[in-house]
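Spelled out from the first residue to the last, the chains are:
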Amino acid sequence: MTLLELREKIGYHALLLGAVALAASVTLAGVDGKTRSGIAAAEQRDLQQSLAQVLPEGFADNDLLKDKVNLKRADGSAVAVFRARLKGEAKGAVFQMSARGYADEVVVLIGVDVGGRILGVRVLKHKETPGLGDKIEIAKGNWIRSFEGRSLGDPTAARFGVKKDGGVFDQFAGATITPRAVVKAVREGLQFFVANQPAIFAVPGKE
Amino acid sequence: MSTFSEISRNGLWKQNAILAQVLGLCPTLAVTTTLTNAVSLGLATALVMALSSGGVSALRAFIPFEIRIPVFILIIAALVTMVDLAFNAWLHELYVILGIFIPLIVTNCIVLARVEAFAAKNPVWHSTWDGFMMGIGLTGVLAVLGAAREFVGQGTVFEGIEMIVPGAHAIRILPEDYSFLIGVLPPGAFILLGVLIAVRNWLDTRAAARARRQPTQPQLAAA
Chain A
1 MTLLELREKI GYHALLLGAV ALAASVTLAG VDGKTRSGIA AAEQRDLQQS LAQVLPEGFA
61 DNDLLKDKVN LKRADGSAVA VFRARLKGEA KGAVFQMSAR GYADEVVVLI GVDVGGRILG
121 VRVLKHKETP GLGDKIEIAK GNWIRSFEGR SLGDPTAARF GVKKDGGVFD QFAGATITPR
181 AVVKAVREGL QFFVANQPAI FAVPGKE
Chain B
1 MSTFSEISRN GLWKQNAILA QVLGLCPTLA VTTTLTNAVS LGLATALVMA LSSGGVSALR
61 AFIPFEIRIP VFILIIAALV TMVDLAFNAW LHELYVILGI FIPLIVTNCI VLARVEAFAA
121 KNPVWHSTWD GFMMGIGLTG VLAVLGAARE FVGQGTVFEG IEMIVPGAHA IRILPEDYSF
181 LIGVLPPGAF ILLGVLIAVR NWLDTRAAAR ARRQPTQPQL AAA
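Chains A and B, in that order, are what the protein sequence lines are.
Quick note: the first sequence uses my numbering, first residue 1, plus one each step.
Quick note: the second sequence uses my numbering, first residue 1, plus one each step.
Keep in mind that a hint or two might mislead.
[Claimed, not checked] Beta-carbon label-pair distances, calculated as ranges: (1) A/Val114 x B/Gly194: 56 to 66 Å; (2) A/Gln197 x B/Ile164: 19 to 29 Å; (3) B/Gly194 x A/Lys140: 51 to 61 Å; (4) B/Pro187 x A/Glu89: 30 to 40 Å; (5) A/Glu188 x B/Pro186: 43 to 53 Å; (6) B/Ala117 x A/Ala157: 34 to 44 Å; (7) B/Ala58 x A/Leu6: 34 to 44 Å; (8) B/Val199 x A/Arg36: 42 to 52 Å.
[What the hints assert, rightly or not] Partial list, derived from the structure: chain B residues whose beta carbon lies under 10 Å from chain A: (9) Ala58; (10) Phe65; (11) Glu66; (12) Leu74; (13) Met82; (14) Ala86; (15) Tyr95; (16) Glu116; (17) Asn122; (18) Val124; (19) Gly155; (20) Glu159; (21) Gly160.
[Unchecked claim] Far from chain A, by Cβ distances over 10 Å, these chain B residues were calculated: (22) Asn10; (23) His92; (24) Ala117; (25) Ala211.
None of these hints come from the bench; they were simulated from the model.
Just so we're clear, the structure is a prediction, and the values are computed from it rather than from any experiment.
Heads up, the beta-carbon is just placed ideally off N, CA and C, and yes, glycines get one too.
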């Protein structure tokens, strides 16, 4: 039987489709294995740089990446909290929060001092519209710095939103959903910090 | 004219992915807010197109007509995912900017269109070259659109270039507080794309008219 005749058989169709799918899966698994350590290392490096960005210089002298505690939120999701210490004394904490943006989750990193005041916020990951929603990045604008110094109660709960919703934070022309998501993530982050503050600092650091 | 230069002419101008075939408009309009974004995605697309056209062409004898589309899509999706993973691991800085757009290449119908229309019927090297040149033709149009929209929208060129070429800077042409939102928003992209297609058609019509006049001239000279 020639290849041309064989190609007309239903069984050949099924087998070929299966074979291509299998080959694609095996190749992808291989590439995934080859790239996994590189991706993890790159993300770790990114995280370290971001941690440094949400804390003022000289704020902590410990290695935050190693001083980590895993907590659970009320909805069951896990939050990794990195603790900042200066000469062994707890000074603040850094953790990730996320909220649903215009396209997919917007992940922010929040640095808070022991008094519950925001030291800094940076967007780690988002898929918002380029040119519109991406002004939440520090590279594209200073909007994300408008959270610095804020805490729960400053502004009050009713005003902790974008201006369109009666809050104090600016939205962008053409994009309200994105800043709204970031504000929500920050607000929930502060609530999480206040609710879990004893637990965050209860476990001694592993230095 | 050799096959390869004919393929190049098709990809760059005669059958240009955007201007002539008007394919793949979703990423075209979504990422051309800055020149840097536009060119980066264009080059990533050219790479995927070269690989997928070459790959499909190599397998073309084994793929029956009835199930060709799922097989093509599988191959393209696997290649795009590999490029995505490789960028993430080894070109992480570039990935941070392009990360949003790379998976979008799967949905760009120009990739499937070239695989179906060219690679499924032509030898491996011709197909690879066709995919690549189609991608470069696409990159060229994206670059023009990106540069024009960035200039009209925010008065700069090369914003974000420092993320790809360390030490380079965006060039600010208009004052800092200048912004004209339609350049950044999708309607601006449609309007500019319309202008580009009109210019291309005008150039082609003019060239065709000139070609029609041309053969009469030698006769006049002879007379």
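Q. Of the hints stated earlier, which fail here?
A. 2, 3, 4, 5, 6, 7, 9, 16, 17, 18, 19 and 23
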